[in-house]
Amino acid sequence: MPCLRGISRRRPSPVPIVVSLLAAACGSGPSGPSASPTPTPTPTPGPVVGRYLLQITPGPGCALSREPLTFPMVAAAAGTSPHPGVQVVLDGNPSELEWEFLSENFTLRGGLGTTGDGVLSNETTRLWIHVIGTGSVTRAADGRGEVVSGTLMGYVALGRAFEEEGARGTCSARDHAFSLRAR
Amino acid sequence: MRGLAATAVALLLAAPGPIARAGSGHERLHLRTSEAFAPCLAPALQAFTRESGLGVAVDVGDVDPPRGADVVIGDDSEMTRLLEGGAADLATSFDLGSLPWVLVVPAGSPVGSLAALAPEQVSVMGGRASRAARESLQAVPASRLRVSRNADELREARYALVPRSLAGPGEHRPSGVRPLMAVTAIVTDAPHPDGARALLAFLRGDRARRLLAPCLDPAPPEGQARATSAGSAAAGSFAQSVVDWWLPDCTLTHNGYNDPAKVLGKPDAEFLGVKDSYRGIMSLGQGGYVTVDMGDTAIDGPGADVRVYQVTGMEPVTLYAATSAQGPYNLVALREDCGERTPGFAPPERHCDFNLRDAGMAEARYFKIEDGEIYPCLAGGTITEGADIDAIEILNKKP
Chain A
1 MPCLRGISRR RPSPVPIVVS LLAAACGSGP SGPSASPTPT PTPTPGPVVG RYLLQITPGP
61 GCALSREPLT FPMVAAAAGT SPHPGVQVVL DGNPSELEWE FLSENFTLRG GLGTTGDGVL
121 SNETTRLWIH VIGTGSVTRA ADGRGEVVSG TLMGYVALGR AFEEEGARGT CSARDHAFSL
181 RAR
Chain B
1 MRGLAATAVA LLLAAPGPIA RAGSGHERLH LRTSEAFAPC LAPALQAFTR ESGLGVAVDV
61 GDVDPPRGAD VVIGDDSEMT RLLEGGAADL ATSFDLGSLP WVLVVPAGSP VGSLAALAPE
121 QVSVMGGRAS RAARESLQAV PASRLRVSRN ADELREARYA LVPRSLAGPG EHRPSGVRPL
181 MAVTAIVTDA PHPDGARALL AFLRGDRARR LLAPCLDPAP PEGQARATSA GSAAAGSFAQ
241 SVVDWWLPDC TLTHNGYNDP AKVLGKPDAE FLGVKDSYRG IMSLGQGGYV TVDMGDTAID
301 GPGADVRVYQ VTGMEPVTLY AATSAQGPYN LVALREDCGE RTPGFAPPER HCDFNLRDAG
361 MAEARYFKIE DGEIYPCLAG GTITEGADID AIEILNKKP
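These protein sequence lines map, in sequence, to chains A and B.
Just so you know, we're using this note's numbering here: the first sequence kicks off at 1 and counts up by one.
Just so you know, we're using this note's numbering here: the second sequence kicks off at 1 and counts up by one.
Hint data in this document are derived by calculation from the structure and do not stem from the laboratory.
One or more of the hints may lead you astray.
Listed next, the stretches of chain A that the computed footprint assigns to chain B, with coverage defined by at least 3 CB atoms under 8 Å from CB atoms of chain B [to be verified]:
1. 62 to 69
2. 78 to 88
3. 135 to 144
4. 150 to 157
5. 170 to 183
Here are a few chain B residues that face chain A, going by a calculated C-beta distance under 10 Å [claimed, not checked]:
6. Ser113
7. Gly126
8. Pro260
9. Pro316
10. Ile374
Chain B is nowhere near these chain A residues, computed Cβ spacing over 12 Å in every case [stated by the list, open to error]:
11. Thr38
12. Pro41
13. Pro45
14. Gly46
15. Pro47
16. Asn93
17. Leu97
18. Arg109
19. Glu123
20. His130
Values in this document were obtained by computation on a predicted structure and should not be read as measured data.
Every residue gets a Cβ at the ideal spot worked out from N, C-alpha and C, and that includes glycine.
Pulled out of the complex, with its shape left as it was, chain B reads as follows:
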């Protein structure tokens, strides 16, 4: 990796505790997190150390790879490959809270876009978690853009687009960029698994949530039993048959979930508790797709018209729609992040919503769902490469 991404800054938050006493006398828990979340964690980690006696050292930088950490905390986009590849234990993962992006401008600046307001350089946080933020600034000429992962530099910027935790003096304005979602998990080969479990148990508790609250907005409550609250799934209209599909040969060779029929019917994906072990999904690999016949017709109605259910991470999805199986298939949305938490469903179920209006269509019955992650198959380290599709649902059905 380049630049500051490779520079891990270790912050010792507490003296060695019981783990150290049981071991070499110098060991402590290692938590690895990204630049955006590091400023949010100190109060909760200090409280954990006071209560448990376990010391925690915080390394700041890319969370993937975990570089010997016991626990990782990163944005959805940074955690996807860690969790799907098994480097971090999906069964232990949960959301800590979200962190909005803010526009930083000098106090009293007129209303307007950052590109229009800034007479000088615009700073933006770098890294994998900043792709959407950088895309939102794509009107700013590259010569005026400063991409940085240096927290001090970002706080000093007069004009910036940064997570709220890295905003310096000036006026902070809401941004339309998707908030970061802090997700934590235990690293699979954590040197101190007992201590790591104790830390996550603490972070799940009310006391930790209160200590994180000034920095992270509360995460929505996790879904419980899906049958009790998944109202839309019970009454919804889901894909009925596969019209066409394609996965690259490389994907067919390396992925483990290649059956297009798994996208039919209601959402039924499950993580079976063991690395790479799922039920009810089709992984789309590198740019693969599946085209389905919904049986019913979706119409352009109030709110979103179509929902795609996808599991574990927030792999992007591209959606096309048609009124006949032969097409033409119109582009509805390109590489839409598919990581919204789905109320009433247990993790790792996620979804993304689409509006037919974006394709200029009044109705559609056939949908082509295409992988938008587009990660090189030959570099993939999992058997779930690409978006992992569980189901497709019509939200606005033609009467």
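Bound-form chain A, shown alone:
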């Protein structure tokens, strides 16, 4: 199984601790005793589980509102084979907004989608979305894992609560942004 599998570009800049963890996980890190001072160990992030706030911001090149949209989500581990997964769904209406992640090496990657009805955000804007998201997992204040800054590639359309899909704009891009913060 390849390590650091996935697209080679547009990967968000990981924080240094994640880089070192990824390198170690791939077996490409330094070996043998080191003369340099031992760095203060940073606690590894815990699992992505429990309640989260998902924030989505359309890409900078999109001609639609770039006001972030937020959604209350719930995350849980979802399978281990052929790779470990995490399922993150809208709190209360899981099939309206569902994210299925592959979770390895402190990176989440997977597809986020809505049905043809879209999903209403906390800001009362309706969102239709079909994207692949990637983000590095870091440690939240309570020890769980979270994504502070991630990237979404794909289709985003906006409308008001009872409008047609895309009435407030449509944009396919490779640089929409998201965060998935513990709450």
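Model the placement of chain B on the given structure of chain A, informed by the hints.
Okay, now just chain B, sitting in the frame of chain A:
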């Protein structure tokens, strides 16, 4: 659903015929179709009624769900879930013809994009079938965009991107948006199955095709026996082994076609004639993927370099390419609609083509094929959620 999508407009095209006489005396066939195709159908349906004596009422709106219709006619993108989920009978489906999108501008307007030309609002047809059209207008600020499913409103727009059937006065210019493809099928629990079969038999005939021709461009002939004409498949270079794969746990639980080995070798997918019954495919579920080793190396050559075979609908596919199994995998195309009809293959075989140049690559041997439909697994109503991959072929092989 919102707005006009929920508003079905019933058009009575003919008086009750034999079905009505055999039944309650007030029944007639119900055909459900979308706004774009409704204006194209009247001449053919009136001829059908004259010949058969069967009345047809046309409901206009989203074709999914069919809302009690006997027959549905919708774009590929609108029919995918209906056909894969079994609400419409895949065995009865066929293409009626394609309908190009056109740019509508005042006569004599200078050359240029709609975004640049329109000093005012730009109208575009809404609905599931319009996603590609709306994406093509994503440079137009949302405040200047009018998304509508009202045929009269669209015909009155001075600047618009609409299917040709909904274009009003003004100059009609070609658009780069993928034409709509009118696909018809009998609804599985059609109230009048005999009448529905009679209507589809009529629509398959030459007379109906002539009556549809002023509105729909002819559909390419359907493939016959694949062995006789699938030249590229006979001599092609196809995926040889699976390097890696992943399906979400939800997909593994709900889908029925999870074996990654089914994407190897030549295209061999088959619909077995019964709902949800296929052979030779891997359904990628919600954002799943399969990575393959082609054995041979694809090069950036003339035309497309790589073809992905996908069945039934036009579910989008994302493709990445690499020169080694460990990667890095470069993005070739994002969420490419995968619904081109494949010459020499019987339906429901489809395909989509890719060019290595789009990834800035001169060659590649390993390909990662990822679902681009990305439909919520928990909302899925089929066991074939996601793109349904049959095979991967190198079209430009390194000598």
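*Among all the numbered hints in the text so far, which are the ones the structure does not match?*
3, 6, 16, 17, 18, 20
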